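Trainee: Sequence:
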Amino acid sequence: MEVLYKDDGLIISQKKFVLDMLKSYKVASMSSCTSPLDPAVKLHAKEGTPLTEPLFYRQLIGKLNFLTNTRMDITYSAQYLSQFMQDPREPHLQAAFHILREQPTQLEIQEARDYIFIFSRSRV
0 MEVLYKDDGL IISQKKFVLD MLKSYKVASM SSCTSPLDPA VKLHAKEGTP
50 LTEPLFYRQL IGKLNFLTNT RMDITYSAQY LSQFMQDPRE PHLQAAFHIL
100 REQPTQLEIQ EARDYIFIFS RSRV
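Heads up, the final residue of the sequence shown is numbered 123 in numbering that gives the first Met the number 0, and it's a clean run with no missing numbers.
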């Protein structure tokens with residue numbers, strides 16, 4: 000998380016975190032989507048093939064939860080997928096990647112302010 004102190008307030012950004020996450024999970028080459036979770040998919044605890052590397056899923060969900068500091072629109076989706084961390088399965092991982100695909104592209108992140116909070120000092 001990047002914090003910039005200014006005379007009139009504070010700016011908090013997660014642009015670098017998002018760019019690094021998209022690169023590390025190789026999502027840049029995937030097609031984007033418009034909603035954090037696919038509304039047609041219903042996830043269940045014991046449905047699908049168990050993941051051979053559950054740590055991969057847990058780390059991804061942890062990063063998505065950290066991202067909710069500036070992206071409140073994915074909060075429900077990240078928390079929903081957190082309930083499957085004990086025994087993650089293939090459909091859960093696919094849903095997590097769906098959340099990643101919803102994130103803006105690198106160009107959009109550089110131009111947009113989606114990952115920035117600005118706190119201004121109020122004069123009372």
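Keep in mind that the hints are not guaranteed to be accurate.
[Said to hold, decoys possible] Straight line, CA to CA, 25 Å or less: simulated DSS-like cross-link-like pairs of lysine-lysine: (1) 22 / 45; (2) 5 / 22; (3) 41 / 15; (4) 5 / 41; (5) 45 / 14; (6) 62 / 22; (7) 25 / 15; (8) 45 / 15; (9) 5 / 15.
If you are wondering where the hints come from, they were derived from the structure by calculation, not from laboratory data. No experiment lies behind these values; they were computed from the predicted model shown.
Trainee: Give a verdict on every hint.
Mentor: A quick look at each hint next to the structure:
Between the alpha carbons of residue 22 and residue 45 the distance comes to roughly 30 Å, so the proposed pair goes past 25 Å and is violated. Restraint check: the Cα-Cα separation between residue 5 and residue 22 comes to about 30 Å, which exceeds 25 Å; the hinted pair is violated. Annotation: proposed proximity of residue 41 to residue 15 is violated, straight-line Cα distance about 32 Å (limit 25 Å). A distance of roughly 45 Å separates the Cα atoms of residue 5 and residue 41; the hinted pair therefore is violated under the 25 Å criterion.
Only pairs whose Cα atoms come within 25 Å are accepted, and residue 45 paired with residue 14 is rejected, the gap being roughly 35 Å. With a CA separation close to 13 Å, the supplied pair residue 62 and residue 22 stays within the 25 Å bound. For the hint linking residue 25 to residue 15, the alpha-carbon distance of about 15 Å falls within 25 Å, and the restraint holds. Using a Cα cut-off of 25 Å, the hinted pair residue 45 and residue 15 is violated, with the two alpha carbons roughly 35 Å apart.
Taken as a hint, the residue 5 and residue 15 pair is honoured in the structure, with Cα atoms around 20 Å apart against an allowance of 25 Å.
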